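Visitor: Residues per chain are reported as follows:
There are 2 protein chains.
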Amino acid sequence: MKLSGRAAATLLLTPWLTCLHVIALKSQLFTRLGAVDHSKRNPISYETLYFNQKIDHFGFLEDGVFKQRYLVNDKHWHQKGGPILFYTGNEGDITWFCNNTGFMWEIAEELGAMLVFAEHRYYGESLPFGKESYSDSKHLNYLTSEQALADFAVLIQELKNSRAGAQLSPVIAVGGSYGGMLSAWMRMKYPNIVVGALAASAPIWQFPGMVPCGDFYKIVTQDFASSGFNCDVNIRRSWKAIDNVSSTGRGLQWLSDEFSLCTPLKKRNDAVGFKAWLQETWVNLAMVDYPYEASFLQPLPRWPIQVVCKYLGFNASVSDYQLLHGISQAAKVYYNYTGSASCLNTSQTATGSLGFLGWYYQACTEMVMPMCTDGVQDMFEPQEWNFQAFSDECHTLFGIRPRADWARTVYGGKDIAAHSNIIFSNGGLDPWSGGGVTHNITDSLVAIVIPDGAHHLDLRYNNDYDPPSVRAARALEVKYFKEWILQAKKAP
Amino acid sequence: MKLSGRAAATLLLTPWLTCLHVIALKSQLFTRLGAVDHSKRNPISYETLYFNQKIDHFGFLEDGVFKQRYLVNDKHWHQKGGPILFYTGNEGDITWFCNNTGFMWEIAEELGAMLVFAEHRYYGESLPFGKESYSDSKHLNYLTSEQALADFAVLIQELKNSRAGAQLSPVIAVGGSYGGMLSAWMRMKYPNIVVGALAASAPIWQFPGMVPCGDFYKIVTQDFASSGFNCDVNIRRSWKAIDNVSSTGRGLQWLSDEFSLCTPLKKRNDAVGFKAWLQETWVNLAMVDYPYEASFLQPLPRWPIQVVCKYLGFNASVSDYQLLHGISQAAKVYYNYTGSASCLNTSQTATGSLGFLGWYYQACTEMVMPMCTDGVQDMFEPQEWNFQAFSDECHTLFGIRPRADWARTVYGGKDIAAHSNIIFSNGGLDPWSGGGVTHNITDSLVAIVIPDGAHHLDLRYNNDYDPPSVRAARALEVKYFKEWILQAKKAP
Chain A
141 MKLSGRAAAT LLLTPWLTCL HVIALKSQLF TRLGAVDHSK RNPISYETLY FNQKIDHFGF
201 LEDGVFKQRY LVNDKHWHQK GGPILFYTGN EGDITWFCNN TGFMWEIAEE LGAMLVFAEH
261 RYYGESLPFG KESYSDSKHL NYLTSEQALA DFAVLIQELK NSRAGAQLSP VIAVGGSYGG
321 MLSAWMRMKY PNIVVGALAA SAPIWQFPGM VPCGDFYKIV TQDFASSGFN CDVNIRRSWK
381 AIDNVSSTGR GLQWLSDEFS LCTPLKKRND AVGFKAWLQE TWVNLAMVDY PYEASFLQPL
441 PRWPIQVVCK YLGFNASVSD YQLLHGISQA AKVYYNYTGS ASCLNTSQTA TGSLGFLGWY
501 YQACTEMVMP MCTDGVQDMF EPQEWNFQAF SDECHTLFGI RPRADWARTV YGGKDIAAHS
561 NIIFSNGGLD PWSGGGVTHN ITDSLVAIVI PDGAHHLDLR YNNDYDPPSV RAARALEVKY
621 FKEWILQAKK AP
Chain B
141 MKLSGRAAAT LLLTPWLTCL HVIALKSQLF TRLGAVDHSK RNPISYETLY FNQKIDHFGF
201 LEDGVFKQRY LVNDKHWHQK GGPILFYTGN EGDITWFCNN TGFMWEIAEE LGAMLVFAEH
261 RYYGESLPFG KESYSDSKHL NYLTSEQALA DFAVLIQELK NSRAGAQLSP VIAVGGSYGG
321 MLSAWMRMKY PNIVVGALAA SAPIWQFPGM VPCGDFYKIV TQDFASSGFN CDVNIRRSWK
381 AIDNVSSTGR GLQWLSDEFS LCTPLKKRND AVGFKAWLQE TWVNLAMVDY PYEASFLQPL
441 PRWPIQVVCK YLGFNASVSD YQLLHGISQA AKVYYNYTGS ASCLNTSQTA TGSLGFLGWY
501 YQACTEMVMP MCTDGVQDMF EPQEWNFQAF SDECHTLFGI RPRADWARTV YGGKDIAAHS
561 NIIFSNGGLD PWSGGGVTHN ITDSLVAIVI PDGAHHLDLR YNNDYDPPSV RAARALEVKY
621 FKEWILQAKK AP
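Residue numbers (our numbering), protein chains in the order written: chain A, 141 to 632; chain B, 141 to 632.
The hints are simulated quantities; they were obtained by calculation from the structure and are not laboratory data. Please note that a few of the clues may not be correct.
Which copy? The list can't say, so a pair holds if one copy fits it or any two copies do.
Listed below are the simulated DSS-like cross-link pairs for lysine-lysine, each with C-alpha atoms no more than 27 angstroms apart in a straight line [claimed, not checked]:
#1 K630 / K554
#2 K215 / K630
#3 K300 / K629
#4 K278 / K207
#5 K358 / K629
#6 K554 / K300
#7 K220 / K554
#8 K619 / K278
#9 K406 / K629
#10 K629 / K554
#11 K215 / K622
#12 K220 / K415
#13 K619 / K407
Note that the structure is a prediction, hence the values are computed from the model and not measured.
Could you build the full structure based on these sequences and the hints that come with them?
Guide: Structure follows, in structure tokens:
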């Protein structure tokens, strides 16, 4: 498959794809590191439960059910109407989101809340057709956000009906990233079921015609520009340097050695995938540029982009080889902070892991998110957004075509003022904030901007190194939660 | 197929089924009579257009399209942002709804509005799979209200994008009966696309657990009780009289002659269907008890129930034969007001016309509307609501099963206060008002009750015999429309 234009590259580079991929590959690692991270805290505990969920909520021919996994902790729940904080699971294993959403665990006692983490269909263990779920586009046909929202709605009704006391419990949807989009949409589409939503780092406007396609990569670039002298400039230079060096066999060998690649670059064209892999590395760093040592996508030092940029402070006179040595040191901050990696795997983004495929399918159907670069306002090689090429690639892969306008039609685009009780929180460092809601729309559709925050920092456990802005954000979020709960109790 | 309990009976008696059936059989007749009715008015005119609509909005495997019919009149439209009144078509031929929604035609000039009447998929000419659309449950799988709402949303976006000036036109959804439910739901689910909705005689609460299952038939009974001395009492007596008379061959012959039945009753058990047909007749009369001569479901005199009741004023001492003679005269008011019917057709409600089948399928999937009678608070034979029997019958017919709770989950049930800009109008004579919203929920979810109104009287052309309550209702509706339009123009 030829990669043509930004459309194709975007398919391979969508940072969420990477997350997923990493999630799938490293879930064991995360669990282990997570435990280390939280060693100061009480270990979290939950019941793991399964609900017989309809495979198809929007048609009656397919009447089968599947086991949807969900996790429940009711240790602090006030049984007489205490709220339910309901995490609207994203494109991955729900236990991982559960472990990485410390905010919910930390406020449960104060709110007297039950915590529920619901897995998104087609991810983790919640596979509508078991091992066949990804076998073809027929089995993938029920992988849509609308079906996922309906799953959540039906599951919440079931929880309320089956747990003594829960009938009167107001439910608040919480989610980050795609999960945040789902939590916002949950409130928009099912305000009868959730009284409000926290949509953390949710790029609900990253759809065609809503925000400039270049904003995402501009923000990535700003993160690097502000984290070290000439850092963005040298990354921008590196693409040409890679082209130069990879033009000879010796150069390819040097690059392979320098970057400790598990699979050496063999031919000139291999540089395309190599550059895509690096581009994704920088994007991921922008997403997880947290102010403390953390292991969200990878184990990383505090302010990882600053650490990366220490290797990229060259002035203009640097040679290609010197520059690329710096790039390789920088990449290893991301891929080998713990020192345990024996080599770096550039095919990582192309691996067909479950989560990866699932999000790929969603991007190829509803989640059409235009991305582009110009090499001027961003530090990447210029690539235009090409919907037709993207669509063709989707057709080749899945036999289906994306519908560019559907997300806007069904989820309102920028015309969402009729809704209420949604908090949109965004980190100023997070490239996804480019597609997020960063200004108040009404009194009850509010934006919280966390200037020093990366991807949904507010959902993470509190940390001594947290900037005041994220502490304030969390406090404000809790304040809104309490207001919504009060509103719900007053309602007739 | 054995008819057991109210569930089965309801399937056969759901008044909408009847409407549909009649619509399908008599559309020619209606058109002709409609023209006579409106002879004083300018004939209405519209463009008939077709839009390539996706067969499946909620999955990507089925990527085919069908021709959705819609009718447009822009004679009075102010091209620079004048509003669009968008009729959300019900379970039948859209031209019939267009001809029977005089209210929209009468206010178009005052509002500078474009009128659009959109046909509901699977009805009229808008058949997703042409003649195969009803061939089996596989082809019927895309007949849901969610798909219909998505059709409307996509069609409106297309209208706005393709008609010069329409981009800024606020759209108001208008509908009656099931079409009114759709207009309310349209505003709930797509507030980005319609700024408000008039839901006329829309029983959005006629779902399990929301209103008592007996309310519908109680209202029917009240209409007869208040339209003539002993009218309901004698209808209540008539069932036993029919049982008595139909117990002999001579009695059956007498009944067949007395009612001028096209197909004579042959055996005792035929009385079951005969009684169901009569029950439906009384229900239909309650729906169309208009204050002037009209031909909505049938050509009828003004206040037809009063005319019917003239034949049913017996006191207690009447014989079975005398009573049933009165019943037959009453039934003929409904079936033969014009004097042109040579015989009455009791199998009318069971005919497999297209619209009939479509609504039957919808009732068997999402539109689960419990109905029951007790023979005490209503004038019918007691029958309980039996969901299991209903479900079994649906399974026999279509190979699918209804989902009793889905409508409440997806459309909010009684928890709709988070929405806005919906007028729920209901006629006090209309049995469907039992499942309607008849009190204000918030400042912008308002109820208008028309005490002397039958089924969506407010949507009809004005008439000299209109009661003041419907005139006031229409004026208030227009006032809200103007407020919504103003709101939309002020919005950022």
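Visitor: Now look at each hint and say whether the structure bears it out.
Guide: Hint check:
In this assembly of identical chains, the alpha carbons of K630 and K554 lie at most 27 angstroms apart only when taken from different copies (16 angstroms versus 30 angstroms within one copy). Taking the closest pair of Cα atoms, K215 and K630 come within 27 angstroms of each other only inside a single copy of the chain (25 angstroms); across copies the shortest separation is 48 angstroms, beyond that limit. In this homomeric assembly, K300 and K629 come within 27 angstroms of each other (Cα to Cα) only inside a single copy, at 15 angstroms, whereas the closest approach across copies is 41 angstroms. In this homomeric assembly, K278 and K207 come within 27 angstroms of each other (Cα to Cα) both inside a single copy, at 19 angstroms, and across copies, at 25 angstroms.
For a Cα distance limit of 27 angstroms, the shortest separation of K358 from K629 qualifies neither inside one copy, at 44 angstroms, nor across copies, at 34 angstroms. When the C-alpha separation of K554 and K300 is checked against a cutoff of 27 angstroms, the pair qualifies only between copies, where the shortest distance is 16 angstroms, while the shortest distance within a copy is 32 angstroms. For the homomeric pair K220 and K554, the shortest alpha-carbon distance between copies (22 angstroms) is at most 27 angstroms, but the shortest distance inside one copy (38 angstroms) is not. Taking the shortest alpha-carbon separations for K619 and K278, neither the intra-copy value of 45 angstroms nor the inter-copy value of 49 angstroms comes in at or below 27 angstroms.
For the homomeric pair K406 and K629, neither the shortest alpha-carbon distance inside one copy (66 angstroms) nor that between copies (61 angstroms) is at most 27 angstroms. Taking the shortest alpha-carbon separations for K629 and K554, only the inter-copy value of 16 angstroms comes in at or below 27 angstroms, while the best intra-copy value is 30 angstroms. In this homomeric assembly, K215 and K622 come within 27 angstroms of each other (Cα to Cα) only inside a single copy, at 19 angstroms, whereas the closest approach across copies is 52 angstroms. Taking the shortest alpha-carbon separations for K220 and K415, neither the intra-copy value of 56 angstroms nor the inter-copy value of 50 angstroms comes in at or below 27 angstroms.
Within a single copy, K619 and K407 get their C-alpha atoms no closer than 58 angstroms, and across copies no closer than 72 angstroms, so neither meets the 27 angstroms cut-off.
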